[in-house]
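**Student:** Chains as they are written, first to last, in my numbering: chain A, 5 to 119; chain B, 269 to 385.
What the hints contain is simulated information worked out from the structure, not anything from laboratory work.
Don't take each hint at face value.
[What the hints assert, rightly or not] Ranges between beta-carbon positions, derived for each pair:
no., chain 1, residue 1, chain 2, residue 2, range
1, A, G88, B, D323, 17 to 27 Å
2, B, G328, A, G88, 32 to 42 Å
3, A, T13, B, P350, 25 to 35 Å
4, B, F314, A, S77, 18 to 28 Å
5, A, A84, B, D323, 44 to 54 Å
6, A, E57, B, K324, 34 to 44 Å
7, A, K34, B, S319, 20 to 30 Å
8, B, P385, A, N81, 24 to 34 Å
9, B, I380, A, G7, 41 to 51 Å
Beta carbons: idealized from backbone N, C-alpha and C, even for Gly.
Now for the letters of each chain:
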Amino acid sequence: DAGVTQSPTHLIKTRGQHVTLRCSPISGHKSVSWYQQVLGQGPQFIFQYYEKEERGRGNFPDRFSARQFPNYSSELNVNALLLGDSALYLCASSLRAGGSYNEQFFGPGTRLTVL
Amino acid sequence: DQQVKQNSPSLSVQEGRISILNCDYTNSMFDYFLWYKKYPAEGPTFLISISSIKDKNEDGRFTVFLNKSAKHLSLHIVPSQPGDSAVYFCAASPSPAGGTSYGKLTFGQGTILTVHP
Numbered sequence: 005d006a007g008v009t010q011s012p013t014h015l016i017k018t019r020g021q022h023v024t025l026r027c028s029p030i031s032g033h034k035s036v037s038w039y040q041q042v043l044g045q046g047p048q049f050i051f052q053y054y055e056k057e058e059r060g061r062g063n064f065p066d067r068f069s070a071r072q073f074p075n076y077s078s079e080l081n082v083n084a085l086l087l088g089d090s091a092l093y094l095c096a097s098s099l100r101a102g103g104s105y106n107e108q109f110f111g112p113g114t115r116l117t118v119l
Numbered sequence: 269d270q271q272v273k274q275n276s277p278s279l280s281v282q283e284g285r286i287s288i289l290n291c292d293y294t295n296s297m298f299d300y301f302l303w304y305k306k307y308p309a310e311g312p313t314f315l316i317s318i319s320s321i322k323d324k325n326e327d328g329r330f331t332v333f334l335n336k337s338a339k340h341l342s343l344h345i346v347p348s349q350p351g352d353s354a355v356y357f358c359a360a361s362p363s364p365a366g367g368t369s370y371g372k373l374t375f376g377q378g379t380i381l382t383v384h385p
């Protein structure tokens, strides 16, 4: 069974540019969450989508946006990139929106470098 | 405001011995806890979880203990193996009463575990 897939694997952008990251969840999973991980820290929650609706938003500026498609895949968009946006962006999928025994399974991540 | 804390940045143990990784939390709305393992250049891999209605959950070499009154959980790995060397994250999820973000995981900073042969 395919796990969570993300594309691209690596990305280099310059300040002010826009980036789109993509994620395909595990088959049958309806929830997709996005996390940002900077070096030396744990992943930080950005967004959660369930059944194509936003269910949660972390403490990130409006430059960050996301959406979920009818096939449950998802995109994370970041506008006006800053140097501080350089990080590993992780996508996680789960069966339900939350609650106990609703483990989230992570993809390999997209490494974004902003120069 | 760090709601989930892993106060030990690193831990070194000998192969075959027990590894104990600790995690503390402050938010009383957390009611589901998970441990993840992460290798470099990979996403976190789910290891084991525990609901707040339990105080222990076991899966093979991995056991998670939860002390709700102390807001503390720990992961025991017995026996430790060199392949267990990785960064370990604890994460917490709020109850449905926590609002629309009840699927949000809050992670600790991670503990680097090194198991020596």
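**Student:** With reference to the structure, classify each hint as holding or not holding.
**Tutor:** To see whether the hints hold, each was checked on the structure:
Taken as a hint, the range 17 to 27 Å is violated for the pair A:G88 and B:D323, whose Cβ atoms sit roughly 40 Å apart. Against the hinted window of 32 to 42 Å, the Cβ-Cβ separation of B:G328 and A:G88 comes to about 40 Å, which satisfies the hint. At roughly 27 Å, the beta carbons of A:T13 and B:P350 sit within the given window of 25 to 35 Å. Distance hint for B:F314 and A:S77: a CB-CB separation of about 21 Å, consistent with the stated range 18 to 28 Å.
In this structure the hint that A:A84 and B:D323 lie 44 to 54 Å apart at CB holds, the actual value being about 48 Å. The hinted window of 34 to 44 Å between A:E57 and B:K324 holds, with their beta carbons roughly 36 Å apart. A:K34 and B:S319 have their C-beta atoms about 21 Å apart, which keeps the hinted 20 to 30 Å range intact. Range check, B:P385 to A:N81: Cβ separation about 46 Å, and the 24 to 34 Å hint is violated.
Hint check: B:I380 to A:G7, Cβ distance near 24 Å, so the stated range 41 to 51 Å is violated.
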